Amino acid sequence: MNTTTAAAATVAASSPAISTSTSTPAPYATLLLIRHGETELNARGILQGSGVDYPLNDVGRAQARQLGERLASARVDLVAASTLHVVPGLEEISWGEFDGKANQNLSPLMDAWNSGDFDARCPGGESAAEVEARALPAIRQLLDEHGGDNRHLAIVIHGRLLRVILSSLLDGVLDRMHTYDHRNTCINQISVYHDPAHRSLPAWTGRRAPSAARQQLAAYRFEAVCLNDTQHLTPLTTPVDPATSAMSPQHS
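The sequence shown begins at 1 in UniProt numbering and counts up by one.
Worth double-checking, as some hints may not be accurate.
Only pairs whose alpha carbons sit at most 20 Å apart, straight line, appear in this in silico DMTMM-like list of lysine to aspartate or glutamate [as the list claims (entries may be wrong)]:
1. Lys101 / Glu40
2. Lys101 / Asp111
3. Lys101 / Asp53
4. Lys101 / Glu91
Ranges between beta-carbon positions, derived for each pair [what the hints assert, rightly or not]:
5. Ala197 / Asn105: 45 to 51 Å
6. Asp53 / Arg207: 18 to 24 Å
7. Arg44 / Arg207: 32 to 38 Å
Hints were generated in silico from the structure; no laboratory data involved.
All of these numbers come straight from a predicted model, not from anything done at the bench.
Every residue, glycine too, gets a C-beta built ideally from N, C-alpha and C.
Working from the sequences, and respecting the hints, build out all of it.
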């Protein structure tokens, strides 16, 4: 069982919400974006992209159990992960030739992304812009097909994909992608509001405009309720993790 499946299977066994939004009107949907449990490659600081499928380690399995216990009384209407509820487009980034290798290989790429060049990529891999372009239509499909009545959609995914999605949905662009910390099994709860009359995003004043994929989500508004929430973890399952550093290239 792979990392997203293991965590998603635990969530799937749970069935009202982690926190209740007080916004009026009620949200159209709630996204629960969850990072998978720790793997041995995570613990060793090794890149784990779409080309590497590694099982959870003992800590990761304990994290998944604690996540399941927390969500046991939560509302979860749908669980999506790459091999449980198949959602093409929500795979982790491909690091190409760097998959399975140590993080120091990514320093030039991180520098490029942090300077705003989101088309930069590893040899044979994907850019952040390409990940955004394939992931956002998948999010839109989930909302279009399964949203409404504030349905709670849990999506268990990998770290770099999580950073791309959070930055794009909440900020409109990828400029703050590196600021989204993400411990293993963290919960990111996003309230989603829907107004079909909104056909484009407001005039943009930043250094770059939202991507075409982000513009396609203009009818949806996204508000963070909680980010990187790991209240369910105990000290033994929250080791010092370099992946939580905002500037770290660790991703999955």
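Numbers of the earlier hints that this structure fails to satisfy, in rising order: 6
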